[in-house]
Amino acid sequence: MRKVFSITEAEWQVMKVLWKNSYCHASKVIEELEKTTGWKPTTVKTLLSRLVKKKVVTFRKENNAYIYTPTVSEEECQEAESESFLNRLFNGSCNLMVSRLIHANKLTGEDIQELRLLLDKLDGREKKE
Amino acid sequence: MNTEHLVKLVIHSSLTGSLLAVLILVAGRYLKSRVKARWICLLWFVLLFRLLIPYIPNSPLLLYKVPETININSPEVIEVPQTAWLNPVRGALPEGKPTPYDIMFVIWLSGALLMLFYMLILNFIFIRRTKRGHPVTDAHILEILNECKREIGIKKDIHIVSLGTIKTPAVLGVFKPLLLLPEGVPSKLGDNDIRNIILHELTHLKHNDLLADWIIGLTLTLHWFNPVIWHAIKMMRSDREMACDEYVLSHLKDEEIKRYGQTILNVLDIYARPKAVPGLVAMVESKKEFKRRLERIIVYRKGTRCPKFFVMLLVIFLAGFTGVNAYEIQSAFRSSPAHCMPKSCCDPRATFAYSYTDATNVIEGTDAAMITDIRSYGKLTDGVETFIVVEVEYSLASMEDARLCIMFNNSSDSSEFIHEGTIPVSEGIGKYVFTIPLTPVIHEEGTPFSLQCCLHVNNRTLYAQEKELKVQPRSQPYP
Numbered sequence: 001m002r003k004v005f006s007i008t009e010a011e012w013q014v015m016k017v018l019w020k021n022s023y024c025h026a027s028k029v030i031e032e033l034e035k036t037t038g039w040k041p042t043t044v045k046t047l048l049s050r051l052v053k054k055k056v057v058t059f060r061k062e063n064n065a066y067i068y069t070p071t072v073s074e075e076e077c078q079e080a081e082s083e084s085f086l087n088r089l090f091n092g093s094c095n096l097m098v099s100r101l102i103h104a105n106k107l108t109g110e111d112i113q114e115l116r117l118l119l120d121k122l123d124g125r126e127k128k129e
Numbered sequence: 001m002n003t004e005h006l007v008k009l010v011i012h013s014s015l016t017g018s019l020l021a022v023l024i025l026v027a028g029r030y031l032k033s034r035v036k037a038r039w040i041c042l043l044w045f046v047l048l049f050r051l052l053i054p055y056i057p058n059s060p061l062l063l064y065k066v067p068e069t070i071n072i073n074s075p076e077v078i079e080v081p082q083t084a085w086l087n088p089v090r091g092a093l094p095e096g097k098p099t100p101y102d103i104m105f106v107i108w109l110s111g112a113l114l115m116l117f118y119m120l121i122l123n124f125i126f127i128r129r130t131k132r133g134h135p136v137t138d139a140h141i142l143e144i145l146n147e148c149k150r151e152i153g154i155k156k157d158i159h160i161v162s163l164g165t166i167k168t169p170a171v172l173g174v175f176k177p178l179l180l181l182p183e184g185v186p187s188k189l190g191d192n193d194i195r196n197i198i199l200h201e202l203t204h205l206k207h208n209d210l211l212a213d214w215i216i217g218l219t220l221t222l223h224w225f226n227p228v229i230w231h232a233i234k235m236m237r238s239d240r241e242m243a244c245d246e247y248v249l250s251h252l253k254d255e256e257i258k259r260y261g262q263t264i265l266n267v268l269d270i271y272a273r274p275k276a277v278p279g280l281v282a283m284v285e286s287k288k289e290f291k292r293r294l295e296r297i298i299v300y301r302k303g304t305r306c307p308k309f310f311v312m313l314l315v316i317f318l319a320g321f322t323g324v325n326a327y328e329i330q331s332a333f334r335s336s337p338a339h340c341m342p343k344s345c346c347d348p349r350a351t352f353a354y355s356y357t358d359a360t361n362v363i364e365g366t367d368a369a370m371i372t373d374i375r376s377y378g379k380l381t382d383g384v385e386t387f388i389v390v391e392v393e394y395s396l397a398s399m400e401d402a403r404l405c406i407m408f409n410n411s412s413d414s415s416e417f418i419h420e421g422t423i424p425v426s427e428g429i430g431k432y433v434f435t436i437p438l439t440p441v442i443h444e445e446g447t448p449f450s451l452q453c454c455l456h457v458n459n460r461t462l463y464a465q466e467k468e469l470k471v472q473p474r475s476q477p478y479p
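So the sequence lines, in the order shown, correspond to chains A and B.
Per the working numbering, the first sequence runs over residues 1 to 129.
Per the working numbering, the second sequence runs over residues 1 to 479.
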C-alpha cells in the first residue's frame with residue numbers, strides 16, 4: 001500500500017537536501033538551503049516540521065540535536081507525483097505550451113509491441129521495393 | 001462598438017474559421033502523401049491568422065457608423081445634409097434590460113478568461129515543477145547536445161534538466177530554452193536514441209513551435225466554444241509533429257531512419273507505462289496517431305518531390321478567401337435583422353417583362369430590380385434622427401425614361417408617407433445605395449414601426465418590401 005502525500009515546491013527543496021545527505025542536522029539543512037534559496041532558519045524549520053507531520057521525514061534526537069532523515073526515496077516520490085491527478089492534468093493540458101517527443105502515454109505493452117511489428121513490417125516492405 | 005457587434009464579430013470569424021478548417025482538412029488529406037508536412041503547416045498558419053485577426057477594416061468607419069455608399073454609376077444623389085456625414089449618429093442605448101447579445105458576450109468573455117487563466121496558471125506551475133529536476137552535467141550527453149546543435153544550427157544556450165515527473169522528453173521556454181528528459185535517460189537509452197531525441201526537441205526550438213503554441217493557445221481562448229476549431233487544432237499539432245519528424249529525418253542517414261522510429265517506441269516502452277484505467281478513446285486516438293507517424297517515417301525518402309507551386313497556389317487562394325470578405329463582415333454589424341446576400345439582378349421575383357409594339361416592331365424586355373438590403377445605423381429610437389440605407393441592384397432593358405424611385409411609408413398607417421426619392425439611371429445595370437434620413441416616430445408606446453419600401457422602375461412598381469423595424473422608445477419623457 002503506497003502512502004498518499006503531496007509535497008509542495010518548497011518542501012521539495014528541503015527533501016532534495018535530505019536525499020543528498022541522508023542523515024542531516026537541522027542546521028545542515030538550513031545551511032544548504034540558504035545557499036540556494038535564502039530562506040530564514042525559521043522557514044526551514046517550519047517546512048521540516050510539516051514534512052515530519054506528513055510522515056515523509058522522521059527524526060531522532062542525538063545529543064541535544066535533531067537528526068532528520070527521509071522515509072521515502074526520491075524515486076518513490078517522483079513516481080507518486082507523476083501518477084497524481086494534478087500531474088496528469090498538467091501533462092495533458094501543458095501540451096499546449098510544451099513541445100514533446102510523444103504526446104500520449106496511454107498505450108499498453110501490447111500496443112507498443114504491435115507498433116514495433118508494424119515498424120518492422122513497413123521497413124521490410126520498403127526494402128523489397 | 002457594443003456587445004452585439006462584438007458577439008457577431010466573434011461568431012462570424014469562428015464560422016469562417018470553421019469553414020476554412022474543414023477545407024484545410026480535406027486538402028490536407030489529399031496532399032499529405034505528396035507533399036512535405038511543413039507545407040500543410042503553412043496552410044494551418046493561414047487558419048490561425050484568420051481566427052486571430054477577424055476584421056480587416058476598410059477604414060475606421062465602424063466606430064462612427066458613417067454610411068459607405070457604393071456608387072457605381074454616380075447618378076444624381078439624394079440630398080443628404082453634408083454635416084450629417086461627419087457627425088456620428090447613434091441611437092440612444094436603452095437602459096435596463098440586457099439584450100441577448102449582452103448575455104452571450106458575458107458568457108463568451110467568461111469562457112475566454114477562464115481558458116486564459118487556466119493555461120497561464122498551468123504553465124506557471126509546470127515551470128516551477130521543473131525546478132525539482134536535476135540539471136544534467138554528464139559530459140557525454142552534453143557533447144551529443146553540442147553536436148546536434150551544430151547540425152541543426154542552433155546557437156542559443158540550452159540547459160538539460162532531468163525530471164522525474166515527466167514521461168517523455170520535452171522542450172520548454174521560448175527565451176531560455178530548457179530540454180527536459182525523463183529521469184534515467186542516459187542509463188536506459190543508447191547513444192543513438194539520445195541523439196534522436198535531442199534532434200527532435202531541438203527541431204521544435206528551431207521551428208519556433210513553442211511560440212506557435214502560445215498563438216494556438218490564444219486562438220483557443222477566443223474560440224473556446226467551437227468544437228471544429230478544437231479538432232482542427234488537434235490535427236494541426238499532429239501535422240506539426242510530423243513536420244518535426246521530417247526535418248530530423250532529413251539530417252539522418254538512410255540506415256538511421258528506421259532507428260528513429262525505434263527511438264520513439266523505446267521511449268514509449270520505458271516511460272509511458274499504461275495507466276490503471278486508460279481512457280478508451282484516448283487509446284485508440286494515440287495508437288492511430290503513432291501508426292501514422294511511423295508510416296510516415298518509413299515512407300520518407302530524402303528529397304521527396306514536393307509540388308510547391310500547387311501548395312502555394314492553395315495558400316494564396318485560402319488566404320484570399322478568408323481575408324477580404326468585407327461585405328460579409330460589414331453585414332455582421334448591422335443592427336437591424338434584415339440581410340440578404342446580393343443575388344443576381346434577374347431574380348424573377350422582381351422582374352417585369354414587357355412587350356409592346358411601336359409602329360413597326362414588337363419590343364420586349366425585362367426590367368429587374370431588387371432591394372438587396374435595408375438597414376439602419378444604430379438602433380432606431382423614437383425622435384432621434386438616423387439613416388436608413390437601402391441597397392438596390394437593378395438591370396433595365398429599356399432606358400427610356402429610366403428612373404429608380406424609392407418610397408417609404410409607415411405601414412402601420414400606410415398613409416403616413418415618409419420619404420420618396422428618385423434617381424435617373426444612366427446605365428442598364430448597376431447598384432445603388434439610397435441613404436435616407438429618417439426620424440422614426442412612435443405615436444403610442446408599443447406600436448411597431450414598419451417601413452414599406454417600394455421600388456419603381458420606369459413607372460412600374462417592381463418590388464415592394466415591408467420591413468418592420470424595432471424602435472426604442474425615448475428615454476426622456478415625451479414632450
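Bear in mind the hints are in silico, worked out from the structure with no lab data behind them.
It is possible that some hints are incorrect.
[As the list claims (entries may be wrong)] Simulated pairs of lysine-lysine, DSS-like, Cα-Cα distance not exceeding 30 Å:
#1 A:K40 with B:K291
#2 A:K121 with B:K258
#3 B:K32 with A:K121
#4 B:K288 with B:K379
#5 B:K8 with B:K32
#6 B:K176 with A:K16
#7 B:K131 with A:K45
#8 B:K149 with B:K188
#9 A:K35 with B:K32
#10 A:K40 with A:K53
#11 B:K253 with B:K156
#12 B:K188 with A:K20
#13 B:K188 with A:K121
#14 A:K20 with B:K258
#15 B:K253 with A:K121
#16 A:K35 with B:K156
#17 A:K16 with B:K234
#18 B:K32 with A:K55
#19 B:K253 with A:K16
#20 A:K53 with B:K131
#21 A:K54 with B:K131
#22 A:K35 with B:K131
#23 A:K121 with B:K234
#24 B:K291 with B:K379
#25 A:K121 with B:K131
#26 A:K20 with B:K253
[As the list claims (entries may be wrong)] In silico negatives: residues of chain B with every beta carbon more than 12 Å from chain A:
#27 L205
#28 G261
#29 L294
Please read all numbers here as calculations on a predicted model, not as lab measurements.
We put the beta carbon where it would ideally sit given N, CA and C, even for glycine.
Hint by hint, which ones does this structure get wrong, listed from lowest number up? 1, 4, 5, 9, 14, 17, 18, 19, 24, 25, 26, 27, 28, 29
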